[in-house]
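Chains as they are written, first to last, in the numbering used here: chain C, 1 to 335; chain Z, 1001 to 1277.
These aren't lab readings, by the way, just hints derived from the structure by calculation. Incorrect hints may have been included.
Here are the simulated distance ranges between beta carbons [stated by the list, open to error]:
| hint | chain 1 | residue 1 | chain 2 | residue 2 | range |
| --- | --- | --- | --- | --- | --- |
| 1 | Z | 1258 | C | 196 | 37 to 45 Å |
| 2 | Z | 1131 | C | 193 | 32 to 40 Å |
| 3 | Z | 1256 | C | 51 | 45 to 53 Å |
| 4 | C | 143 | Z | 1175 | 39 to 47 Å |
| 5 | C | 177 | Z | 1062 | 43 to 51 Å |
| 6 | C | 113 | Z | 1005 | 29 to 37 Å |
| 7 | C | 101 | Z | 1010 | 51 to 59 Å |
| 8 | Z | 1131 | C | 149 | 29 to 37 Å |
| 9 | C | 143 | Z | 1131 | 27 to 35 Å |
| 10 | Z | 1010 | C | 121 | 44 to 52 Å |
| 11 | Z | 1232 | C | 108 | 49 to 57 Å |
With the Cβ distance kept under 8 Å, some of the chain C side facing chain Z (calculated, not the full set) [to be verified]:
| hint | residue |
| --- | --- |
| 12 | 44 |
| 13 | 145 |
| 14 | 147 |
| 15 | 158 |
| 16 | 235 |
| 17 | 264 |
| 18 | 271 |
| 19 | 310 |
| 20 | 314 |
| 21 | 317 |
| 22 | 322 |
Cβ atoms here follow ideal geometry from the backbone N, Cα and C, with glycine treated the same way.
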Amino acid sequence: MSGGAHVAVSRKIEAAAEPLQGEVGRIDATGIALAILNRFRNAWRTVLILVPYFWLFLFFLVPFGIVLKISLAEAVIARPPFTPLLEWVDGTVLEIRITFDNFLFLIEDALYWTGYLNSLKLATISTICCLLLGYPMAYAIARASKTMRNIYLMMIILPFWTSFLLRIYAWMGMLNNNGVINNVLSWIGLIDEPIGFMHTEFAVFLGITYSYLPFMILPLYANLERMDLSLHEAAMDLGSRPMRVFFDVTLPLSMPGIIAGSLLVFIPATGEYVIPALLGSPDNLMIGRVLFDEFFSNRDWPVASAVAIVLLFVLVAPIMFFQHYQMKEAEEGKA
Amino acid sequence: MRRRSTFTFSMLCFGFAFLYIPIFSLIFYSFNKSRLATVWGGFSTKWYGELFQNELIIDAALLSLRIAAVTATMAVILGTMAGLALARLGRYRGRTLFAGMVMAPLVMPEVITGLSLLLLFVSLEEMIGWPAGRGATTITIAHITFSMAYVAVIIQSRLSSMDDSLEEAAMDLGSRPFRVLWDVTLPIISPAMVSGWLLSFTLSLDDLVIASFVSGPGSSTLPMVIFSKVRLGVTPDINALATIIILVVSTGVLLAGILMHRQEQRRLRDEQMAYSD
């Protein structure tokens, strides 16, 4: 495709430079037409690839380049609120203006450090909790009868479909000072004063675990369900105790599911905005919230972009790992 | 063996309680007469009535539904193309980058996607004058972009779990590739396309962060309106709204799930009969 564009461009230049050589242009055009005709037999194949390719390229890949560009600009009070990187000085000299001030600013200000570290910490704890709760659940579902399995799976998937925002909101009703949990506890007589669950780190971590639990269970289930049970039987027949069979056979075999589930929880949880905004306090800095506020409250686009670039940098290793894994799974599924 | 299965089963029950108690309590309190959202003051449906008089919420809901319908349709078209391109077209130049671009939106933090798309729209407007301002169009484009990734993954996994013997058979019988795609492959993946459409629809209906970045003045989606209200605390009318949304979505998903399950059973039966003949 780019070859065709290249030919078209060079033809334009030729035509502009030497109008007398129209002949050459025409021959070239026939050649292109023939090539297109030849290609047309496989055109649907090309379309199938190129249309989504182009869409993702324009709306997913290019935007990252722009974020990088703006993170190197200076903030100004204007529309848009940043300086251009390339500018014509006196109409002759192209001046490139790049500044790393935004990144230096991130390093110097403890707020951002705390934000990144807190996000990583909360995401890690929540991932571990999702795993500890999700693994036995996925295991129980995978070993249930076929009918029950479908019902359980539906029950796991259903909350995943219903609104994320509203499920977090539901926790606000649970954790409030006069919320469900405090009401129940004081009704039993365990507490006299309501416990302030809301606006704590605990609430944020509970919210993340709650929202991302299905993401952990589904890949784990997929893995455990197709595990070959003859290995377990062999281990049992050889006299291993159930606990040993679990740690020596089941757990190592389910590693792909554990990794896929953990990454599906960890990566988005690190950049989470809604959960800390609703359940956390302004003191529980999470980097997603810092970015959001930097952008909307401070209107500092370059610093917000720099925050995003650094976050992407932090997450690039897990993201690459996830992709590598997904692709391997997809290839294996085909074989 | 028995002891551990008791353990996993009780964890399963605990997990389901954890997943469902907040939702049920929310539904319960939506019928609360009291203005204090979590103090029971008797049964009432007055908050539902109030909800339907709130024009701000109705308008936002209509906008969100419109965006979600367009998003889902476009995402299924683009996502199916991407899924087919990944699962059935073999190797071609740039396939790795393509696969990467399809997978990445699944895990990309929303704040990054939202910010980067907004900056793209601003830059595009400066360069070519499109899109003029931000609103429903830019939200729809953003939603299509992340929804099509979900659709592509659903389609791809459906295609890789099916062996391509049916397609090969059609090919051997002399069908042209395009006819094979149209007559054999598409019917096979049609349940996946339906799930993809439903998932895109709900994802779009639910998105707050990305929409906040790429929306403009006067185009507040339903989640944006809900968010600005609930930031200040639990309110009974949002409880009512949440109940409606949750009930409608779960009924839809359950119905679709049952229907597709039946169809799948029938298809499997047909296939088995075809083999045994």
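With a cut-off of 8 Å, does the beta carbon of residue 322 of chain C approach a beta carbon of chain Z closely enough for the hint to hold? Because about 6 Å separates residue 322 of chain C from the closest Cβ in chain Z, which is inside the 8 Å limit, the hint holds.
Restraint satisfaction for residue 264 of chain C [CB to CB of chain Z, less than 8 Å]: Status holds, d = 7 Å.
Is it true that residue 1232 of chain Z and residue 108 of chain C lie within 49 to 57 Å of each other by Cβ? violated (34 Å)
Does the Cβ-Cβ separation between residue 143 of chain C and residue 1175 of chain Z fall within 39 to 47 Å? Roughly 43 Å apart at Cβ, these two residues keep to the hinted range, so it holds.
Distance restraint hint 51 to 59 Å, applied to the beta-carbon atoms of residue 101 of chain C and residue 1010 of chain Z: holds (56 Å)
Measuring from beta carbon to beta carbon, are residue 1131 of chain Z and residue 149 of chain C in 29 to 37 Å? violated (46 Å)
Is 44 to 52 Å respected by the C-beta to C-beta distance linking residue 1010 of chain Z and residue 121 of chain C? Given about 29 Å between the Cβ atoms, the range is violated.
Minimum beta-carbon distance criterion (8 Å), residue 44 of chain C to chain Z: Holds, because the Cβ-Cβ distance from residue 44 of chain C to chain Z comes to roughly 5 Å (cut-off 8 Å).
Chain Z contact restraint for residue 271 of chain C - C-beta distance below 8 Å: holds (2 Å)
Using Cβ atoms only, decide whether residue 235 of chain C comes closer than 8 Å to chain Z, and label the hint accordingly. violated (12 Å)
Does the Cβ distance between residue 1258 of chain Z and residue 196 of chain C fall inside 37 to 45 Å? Cβ of residue 1258 of chain Z to Cβ of residue 196 of chain C: about 43 Å, so the range 37 to 45 Å holds.
Against the range 45 to 53 Å, how does the distance between the Cβ atoms of residue 1256 of chain Z and residue 51 of chain C compare: consistent or not? For residue 1256 of chain Z and residue 51 of chain C the Cβ distance comes to about 27 Å; the hint is violated.
Checked against the numbered hints above, the structure violates hints 2, 3, 5, 6, 8, 9, 10, 11, 13, 14, 16, 19, 20, 21; every other hint is satisfied.
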